[in-house]
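Please work from the sequences and hints to get the whole structure.
Below are the chains, spelled out letter by letter.
Number of protein chains: 2
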Amino acid sequence: MGDHLTTHDLLARVEELIGDELEQAERVFLNEVNSKHPYVHDVLQHITRFQGKRLRPILLLLSAAASGGIKESHFVLASVVEMIHLATLVHDDVLDDALIRRHVATVNARWNNETSVLVGDFLFTHAFHLTASLGDARACRLIGRATNLVCEGELAQIYERGNLDLSESQYLEIINGKTAELCAISTQLGAMYSDADEKMIQAMDDYGRALGVAFQITDDLLDLLGTEEQMGKSLGSDLQKEKLTLPLIRLLSQSRQEDQIAIQEILSQPDQQTKSKLDQFIKNSDAIEYAANRARDFAIKARESLKGCPPSQAKQILEELTEFAIQRSI
Amino acid sequence: MGDHLTTHDLLARVEELIGDELEQAERVFLNEVNSKHPYVHDVLQHITRFQGKRLRPILLLLSAAASGGIKESHFVLASVVEMIHLATLVHDDVLDDALIRRHVATVNARWNNETSVLVGDFLFTHAFHLTASLGDARACRLIGRATNLVCEGELAQIYERGNLDLSESQYLEIINGKTAELCAISTQLGAMYSDADEKMIQAMDDYGRALGVAFQITDDLLDLLGTEEQMGKSLGSDLQKEKLTLPLIRLLSQSRQEDQIAIQEILSQPDQQTKSKLDQFIKNSDAIEYAANRARDFAIKARESLKGCPPSQAKQILEELTEFAIQRSI
Chain A
1 MGDHLTTHDL LARVEELIGD ELEQAERVFL NEVNSKHPYV HDVLQHITRF
51 QGKRLRPILL LLSAAASGGI KESHFVLASV VEMIHLATLV HDDVLDDALI
101 RRHVATVNAR WNNETSVLVG DFLFTHAFHL TASLGDARAC RLIGRATNLV
151 CEGELAQIYE RGNLDLSESQ YLEIINGKTA ELCAISTQLG AMYSDADEKM
201 IQAMDDYGRA LGVAFQITDD LLDLLGTEEQ MGKSLGSDLQ KEKLTLPLIR
251 LLSQSRQEDQ IAIQEILSQP DQQTKSKLDQ FIKNSDAIEY AANRARDFAI
301 KARESLKGCP PSQAKQILEE LTEFAIQRSI
Chain B
331 MGDHLTTHDL LARVEELIGD ELEQAERVFL NEVNSKHPYV HDVLQHITRF
381 QGKRLRPILL LLSAAASGGI KESHFVLASV VEMIHLATLV HDDVLDDALI
431 RRHVATVNAR WNNETSVLVG DFLFTHAFHL TASLGDARAC RLIGRATNLV
481 CEGELAQIYE RGNLDLSESQ YLEIINGKTA ELCAISTQLG AMYSDADEKM
531 IQAMDDYGRA LGVAFQITDD LLDLLGTEEQ MGKSLGSDLQ KEKLTLPLIR
581 LLSQSRQEDQ IAIQEILSQP DQQTKSKLDQ FIKNSDAIEY AANRARDFAI
631 KARESLKGCP PSQAKQILEE LTEFAIQRSI
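Chains as they are written, first to last, in our numbering: chain A, 1 to 330; chain B, 331 to 660.
Read the hints as simulated data drawn from the structure, not as lab findings.
It is possible that part of the hints are untrue.
[As the list claims (entries may be wrong)] With a Cα cut of at most 16 Å, we get these calculated EDC-like pairs of lysine to aspartate or glutamate:
| hint | chain 1 | residue 1 | chain 2 | residue 2 |
| --- | --- | --- | --- | --- |
| 1 | B | Lys366 | A | Glu173 |
| 2 | A | Lys36 | B | Asp339 |
| 3 | A | Lys275 | A | Asp238 |
| 4 | A | Lys301 | A | Glu320 |
| 5 | A | Lys307 | A | Glu198 |
| 6 | A | Lys36 | B | Glu503 |
| 7 | A | Lys53 | A | Asp97 |
| 8 | B | Lys366 | A | Glu160 |
| 9 | A | Lys199 | A | Glu304 |
Treat the numbers as computed from the prediction; the structure is a model and nothing was measured.
What follows is the structure in C-alpha cells.
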C-alpha cells in the first residue's frame with residue numbers, strides 16, 4: 001500500500017474518473033433537499049454545508065463503475081445514502097450537544113434541538129420517498145433495513161455508555177451497525193444496480209463493511225488524538241460521553257490492576273482534563289498502535305474482498321480508499 | 331348524527347366487526363417492534379404502552395373493509411401506520427419535554443432524550459423496512475411521501491411558534507401536514523390494497539384527511555380546556571410553547587384592539603397562569619364555539635366523502651367515527 005498517497009491526490013483521481021457522475025448525483029441531491037416552506041428550506045440549505053468528502057456517494061458510484069457501469073438509478077441512490085448520512089449527523093449532533101460540524105454551526109446550535117430532530121426525520125423520510133421513486137421495492141427493503149440497523153447500533157452505543165467493561169467484540173458490533181452498515185449498503189447497491197451477479201454484490205457488501213469499520217476505528221483514534229482545529233468538529237466527545245472506544249478498551253485490558261482502577265476512575269468522572277490525565281497511561285501502552293493495527297486489519301480485509309473484481313480504474317481507487325481510511329489525519 | 335354515541339359503544343362495534351383483523355395487525359406490530367439488543371427491546375416494549383385506541387390501524391382496516399375487503403397486506407400496512415404514529419409521538423415528547431403519555435412515563439422522562447431520538451428513528455426506519463416487505467414500491471412511495479409531509483408540517487409549526495398573527499389558513503395547512511396526512515394515508519392505503527378503483531381511493535383519501543383535521547382541532551380544544559387527569563398526558567403545552575391554535579386565532583381576530591393587545595401580552599409571556607389569565611377573554615368570546623363548529627364542518631366533509639361508497643357496516647362505522655372525532659372528551 002502506497003504510503004505517500006495524499007487525500008488530495010486520491011480525491012483528484014476520484015474527480016477525474018467519476019467527477020461528472022458525482023456532479024449528477026449532487027444535482028439530484030440538491031434538487032431533493034428542498035421545501036416550499038422558507039424556514040425548512042433555510043435549514044436544509046444550511047445542512048448541505050455539512051457535506052464533506054461525500055464518501056458514501058463516492059463508494060456507491062465507484063462500486064457501480066467497478067461492477068458493471070454507472071446508470072441513472074445510481075444517481076438517485078447516491079443521493080439517498082448521502083441524505084441518510086446527513087440525517088444521522090444531524091441527530092448525532094443533538095445526542096452529542098455538538099456546537100460545530102465541518103466548521104459551521106450545528107442545527108441545534110444555530111436553531112434548536114426541536115428543529116434538529118424534525119429536520120433529521122425530514123431527511124430520513126425524504127430518502128425513503130426518493131428510494132421508492134425508483135419503483136423497485138428491493139432498494140426500499142435494503143435501505144430500510146440498513147438504516148434500521150444504524151439506529152439499533154446507535155441505541156446500543158447509548159446503552160453501553162459508562163460500561164467500562166465493554167469488550168472489543170461488543171465495540172465492533174456497535175460500529176458495524178452505526179457506521180459500517182451505511183458504507184456496506186452503498187457499495188452493495190452500487191453493484192446490485194449495475195446488474196452484477198450475487199458474488200460481486202456480496203464482495204462489494206464485504207468491502208464496504210470492512211472499510212466502514214476501518215474508518216470508524218480511525219475516527220475514534222482521531223477523537224482521542226486530534227485537535228478540533230484540524231478536524232473541524234467538536235472532539236473528545238467520546239470521553240465526555242463515557243463511550244469506550246478501541247484504544248481505551250485495549251488500554252484497560254493490558255493494564256496492571258492498579259492502573260486499571262486509576263484509569264477507570266478517570267474515565268468514570270469525565271471533565272476537561274480527562275484527555276491529559278490519560279496521556280501518560282496511553283503513552284506507556286500499545287493502545288494507539290493496537291487500535292491502528294486493527295484498523296489496518298480491516299482495511300486489508302476490505303482490499304481482499306475486491307480480489308474477484310475485474311481490473312479497472314474504479315477498482316484501483318476502491319483499493320486505495322482502504323489506505324486512505326486509515327492514514328488520513330483529517 | 332347521533333348525539334348519544336359513546337366512545338365505548340363505538341369501539342365495541344369496531345371490535346365486533348374487525349376485532350380479529352385488528353388483533354392480526356397487532357400481532358404483526360408486536361412481532362416487529364422488537365430487537366435482539368435487550369436495551370432496545372425494553373424501550374420498544376415500553377413504547378407499546380403509548381398505544382391508544384389504534385385509530386390509524388382501525389381507519390386502515392375499516393376503509394379496506396368498506397372498499398373491497400381486508401387482505402393480508404392490510405395487516406402489515408396497519409402495523410406500519412401505527413409504528414409511524416408512535417415514532418412521531420416519541421419525537422413529539424422530546425420536542426415538548428413531556429413527562430407523561432397515556433398515564434406512563436415518556437421515553438425521554440424514563441430514559442433520556444438521546445434514546446427518544448434514536449428509538450423514534452428506529453420506528454421510522456423499521457416502518458419503511460416493513461412496508462418494503464410487501465414487495466410493492468407504490469406503498470413505499472406513499473408512506474415515504476406522507477411521513478415526509480408530517481415532518482414538514484411539524485417543522486412549520488415550530489417555526490410559527492410565537493407568531494401571534496398566524497392565520498386560520500396557515501393553521502389548517504400545518505395540521506393538514508402534521509396530523510391529517512397520516513390519517514389520509516391510512517384510509518387511502520386501505521382502499522388501494524383492497525383493489526378499489528381510483529374514485530374510491532380518492533374518496534377514502536378525502537375522508538381520512540378531513541377526519542384528521544376534525545380530530546386535531548378537537549385535540550387543540552382539549553389541550554386548552556381539558557385536565558391532565560382526564561387526558562392522561564401533559565396538557566396546556568400549546569400555550570407554553572406559544573403554539574397558536576384555532577380557538578386562540580379566533581379569539582384574537584374577534585377581539586377589540588385593546589383586548590387583542592392584552593391577550594397577545596399574555597400569550598407572549600407564557601407561565602403557569604396563562605390558562606387562567608385567558609379564561610375571562612375566552613368566556614366572553616365565541617372562540618370555543620367557533621373552533622368546535624369548524625371541527626364539525628370537517629367532520630361533515632369527511633362523512634360526505636363517503637357518499638359514493640356502497641353501504642356496509644364498515645362504512646357506517648366510518649361515518650360514526652366522524653362524530654366521535656369531535657365529541658370525545660377523552
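Which of the stated hints cannot be reconciled with the structure, identified by number in ascending sequence? 2 and 7
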